[in-house]
Amino acid sequence: MAKLDICLAGVGGQGSLTASRILGEVAALAGLNVLVGEIHGMAQRGGIVESTVRIGDGVHGPMIRDRGADVLLGFEPVETVRALGKAGAHTLVVTNTRPIVPFTVSLQGEEYPEVVDLLDRIREVSSKLVELDASQLAQEAGSAQALNTVMLGVLAGCRDLPFDVDLLWQGIETSVPQRHLEANRKAFEGGLQHGREARARWGS
Amino acid sequence: MDALLADERGRRALLLGNEAIVRGAIEAGVEVACAYPGTPSSEIADTFYRLSQECDLHFEYAVNEKVALELAAGAAIAGMRSMVSMKHVGLNVAADPLNTLAYTGVRAGMVVVTADDPSMHSSQNEQDNRFYAKLGLLPMLEPSDPLEALEMTREAFRLSERFRTAVLLRTTTRVNHTRGVCTFGPLTPRRYQGHFEKNPFQWVPVPAVARKLRPAQLERARQIAGAVDELPFNRIEGGESDLGIVASGVAYAYVKEVLADFDVADRVRLVKVGSVHPVPRATIERLLLDCKKVLVVEELEPFLETDLRAIAQEMGRAVLIFGKGAKGVPRAYELSPDRIRPAVGRLLGQEPEPEPVPAFELPPLPTRPPMLCAGCTHRNSYYAIKSIAEPDTYFASDIGCYTLGLLPPMSTVDSFLCMGSSITQAQGAGIRNPQKIVAFIGDSTFFHSGLTGLVNAIHNGHDLMLVILDNSTTAMTGHQPHPGTDCRTPGAVQLDLERVVRGLGVDDVQTVDPNDLKAAIRCMQDAYHRDGVRVVISRHPCPLYERRRKGKRAEPLVYTVDHERCRICGSHADHEPCAVPVLKDDHILRARTAILAAELPEDAVARGEGRKMEVAPCTLGCPANVCVFGYVGLARAGRYDEALDLIREQLPLPRALGHVCHHPCESACIRADYDAPVAINAIKRFVAERESPEHYRSWLAAVRDMIHTRPERVAVVGAGPAGLSAAFELRKRGYEVSLLERERLPGGMLALGIPAYRMPRKPLQEEIEGLLSIGIDLQCGKSLGRDFTLRSLLESGFEAVCLATGAWQGVRMGIEGEEAQGVEDALGFLKRLSVGDRALAGRRVLVVGGGDAAIDAARSALRLGAESVEILYRRSAQEMPASDEEVEAAMAEGVKISYLTLPTRLRVEGGRLIAAHCVRTELGEPDASGRRRPVAIAGSDFERDCDQLISAVGQQVEPGLLDGDLALERRSRGEVICKPTTGQSSEARVFAAGDLATGPLTVIHAIASGRKAAYGIDRFLSGGREVAPVALRGLDELEGAVRYHPPDVQTAERIEPHRRPPRERAVDFEPEGEGYDEHAALAEADRCLSCQLCGRCNNCIDNFGCPAIFKKEGRVYIDEVLCVGCGICAQLCPNNAIRPVGVEVL
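Note that the protein sequences, when read in sequence, are chains A and B.
For the first sequence, my numbering gives the first residue as 1, with consecutive numbering after it.
For the second sequence, my numbering gives the first residue as 1, with consecutive numbering after it.
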């Protein structure tokens, strides 16, 4: 199969590492060659968290080339833009639009850009942008922690993946606690629908 | 059962590199595993720990890496397979046993994992630990991905047992923290048949033995060098070519990908080196024979490259070898396919590729550094020490979560080198150095490497303050236990840290809970100022760990910010704290801390006032809560117009008040405790009088521009200070305001009561006209009861009425002769003067009373040419309500004051006053007002000749006001009863302000009262819409409050504003003096101690910096998801504005 490079960017606590692990597990389950690159240590302290999921036969290391990502999953708008170096014109960018304003804004007077401006920046790089308030969707589904499930749903909705959507859901199912299963199912379906609508708009 | 223990050969699983290492060890039959956690190796330890709960595998978290390695060596020497894992710098700690173990060798397999961290994702250096292999002549394997990590670990045990030596497994972060698909091999059973076989010639490396072991070590190394070429991890790939690449570790993976990019995989010979020490010499020799040009791709140092060059030299081969350097691969930081691509291109003889043009420019993004978590107890310890330490204090810190205290606002990490270095660096730096030094170390780090340093401090008599930041876990690496924590392993013992410290010989040890901020501050403060070795154990469990352990929040509470209290010093525009440029950075922090830590009277604590806190006392002293602290600070910085803007946020008539205010702010001034209060009002007058007409116009224009006009109409009755203030505030809030005034001109007491020498009329009318120009409809000559009634106003379309008609009726003395010609009421007299009637009935004038009106009347009479003016006051000087300043001025001008004197009747002849009959009084019991009642002394009668008497014994609401109008609830003296916070009367749509509501008070009181009524009306008419609050705080808050006295205050004399000499000024109604010039104003403003806090302090953000607290559109909020409910921010809030959700704070 063709190589699929997915770059995930977010903030500690948003569950982006779990999302990358689920993608990796599912790819492995589908019998594919896969590597998941993570960096631990500072994640729970509100820092930036970037991870990679690389699927395909030519994959040997965890690093995605500059402008080389096929998909950029951004869990927070500023972090999506910060990771844009991995994206190019061909890259599908899915971004959550809900900001997590870093403390440096309150404390050191740094500025948090307008989200619309951030989205414009992304569009300068790639027109294949799906933006949504995924945090809102997760909350409506019943759990703010289901944000990563929403993001995976959108991803599965707006492009083909080298494995079935059902298999992805199974991967999610086995990794979330029983009591959050219903919320995650709703979150996944909500994301999936949003992704499919975006795909329908592109007409591909 | 855990999947990693599964006996399923061929099973495929996605494993983290670290998990793969553990699986490999399990497959090799490891029996004893131990570790000290450290990124990126921690998951090895944590996975072993998890598995040890499910099977007979022995795992333990060791105290440090040296202990761990020695323990593993002991096991291996006793015949048990062992693994020890650590981060790269950990091997420095364990290097001592390692390099002698390299002589003695082992009996069972032993693998040492060193996890290097190129790019320093979470480390203090990126040292290349391959050199340890060379140092100890030990074999070292390095995997390129998780699958290889599993297989290599298994092979490492085999090598170890074959050559009876410890084997190093070196990983890097990108292997440790990458998940890949691994295939399981068969399991080797654990035997646990440990027994130490005595053999002093192997296990006792005294010099004689070591000298024998040394040649054996060399021979072993030679044999290993001959064997590694057979390992499957060392191989040649690719087709025949005279171009070669040598790569190891994760760099090998990058090379594979880049070669595929160039589509030259079969045109380059690629040697994959799995044993980085000793290198597979035969394989490399083959490459060097085939190739003319060889690129070495490895992370960090030119390690393989150097070996390659040596081999080529020995072979006599003139091969072009390149690796590190400008034309090769970078030496610093981890590699990536993008970073090695140019070097590979160069090997292929390709022209350098142009730098790719960035598709876009990254916009400025806010940084997101890792930080101490919300609720982190370390932050509290740091806050405590920072608020009491001298600014130049050297904070020697150490390695752990608390190293994040490096960042502002804490900035309490000035140095560290390695685990435990805080304690010892502090000792060295303190030698003959008077600087204050505080060392910080975490609990786990203290057990790791702090004990010996502390012993050194005691033994060598160092002066050391050590704070052990005890959060009862190893938080940084993922909450592993340590000797001071509650134990997970049966049979393990929890050590009491305080007993350990005492056991080392420290007598001065205190344990404090940093979440009790007050106790922590006091404890730190005391320890800070003691000498010798003293240890503070600041202990509170890591809230994240607690939550994880208990599976829920440690505290059920979440805190929130009460914005009315947070914004309490006024409704300033949402900008930076007003006086920032003239304050020291940590001023608020220190002031707040001094108050928090101060001893309070027990009864105050019992009343729940233990945390009672005030904004600057001058601001509380001002009835209108004008931000004195702020405007004096701005004046001091020469920012006069900004100072005036700030004043006007609460006080629309600063020019008038600059002349007449009785400045209760000055009575509250902390400076009075040193020498004399700051002459605040004179500073206000200076900034108001120097204002240019342009600035006043632009300020008014700005106010006008901000008005969002509303449909509702409001009538304000009475254009005195209260009415003007209410009308102005109402108009600002968007209402259509009609201001109805009975007299011919606005100003009330300012224009018709206070004499012109105190309140010059021209600037007053200009200032009032300015206020009216924002769109207030002033109608003069409209009298309540004659031209309109409350009822008629409410019926003619006004939604609400603010009644501010004042208290213009003089109280009668109630004595015989009061009706005579020559007897006059003070208010009538002053009003008469104000409108130009300057006739004086007599030459010898008596004034009866002791308030400001009495003084005004007396001084005015003097100015009208009276021969003598005498004030008769029935109490003593102490009880006299007139301001001291006025009394002094009057006396200087020649007014005589007779205290304890009471006129009892007036002698009248021919209808004219000729004398007053008086008695002397003495003071008896206190009356209802709390002042001592004057009692006539029998037989003390005397007579005072006079031809004019002005009665100034009090004023009250005019009788007859509201006759036949709405029946508002009133007090006996006529004041309208209304709600203290809104001014609303018993009639919902009628509000009262000024003297009519409060009884006769001062101008500044009236202005405050007018604003409050405007807020009340706004709220009443808002229909639930949020309206800007006017939350006025009173002087009562100063009672019993702790007054912060800044240290090191230089005495400086108060500069009295200029006044003309008494003789000169007492003859006319021109202003008494010119006030300050700039020089005097600056000098006086400089006397302000900035002693207290600005209500817009930002303390919780600027000085505490919990990430759960953030600011949005100028308001402080608490993120309820991040908040762990510790409540520390509530403890340090100067305004008591932070409280638990659902809990009302009084």
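Since the hints were made in silico from the structure, they are not lab data.
Be careful, since some hints might not be right.
What the hints assert, rightly or not - Coverage of chain B stretches by chain A, computed from C-beta distances (three or more under 8 Å per stretch; other residues unrestricted):
1. 209-215
2. 249-261
3. 327-340
4. 367-377
5. 1108-1120
Claimed, not checked - Distance windows between CB atoms, simulated:
6. B:V1121 x A:S175: 18 to 26 Å
7. B:R548 x A:E189: 57 to 65 Å
8. A:V116 x B:E885: 55 to 63 Å
All values derive from a computational prediction rather than experimental measurement.
We treat Cβ as the ideally placed atom computed from N, Cα and C, and that holds for glycine.
These are the hints, each one checked on the structure:
no.: 1; hint: 209-215; result: violated (count 0)
no.: 2; hint: 249-261; result: holds (count 7)
no.: 3; hint: 327-340; result: holds (count 3)
no.: 4; hint: 367-377; result: holds (count 7)
no.: 5; hint: 1108-1120; result: holds (count 4)
no.: 6; hint: B:V1121 x A:S175: 18 to 26 Å; result: 21 Å, holds
no.: 7; hint: B:R548 x A:E189: 57 to 65 Å; result: 30 Å, violated
no.: 8; hint: A:V116 x B:E885: 55 to 63 Å; result: 59 Å, holds
The structure is inconsistent with the numbered hints 1, 7, although it conforms to all the rest.
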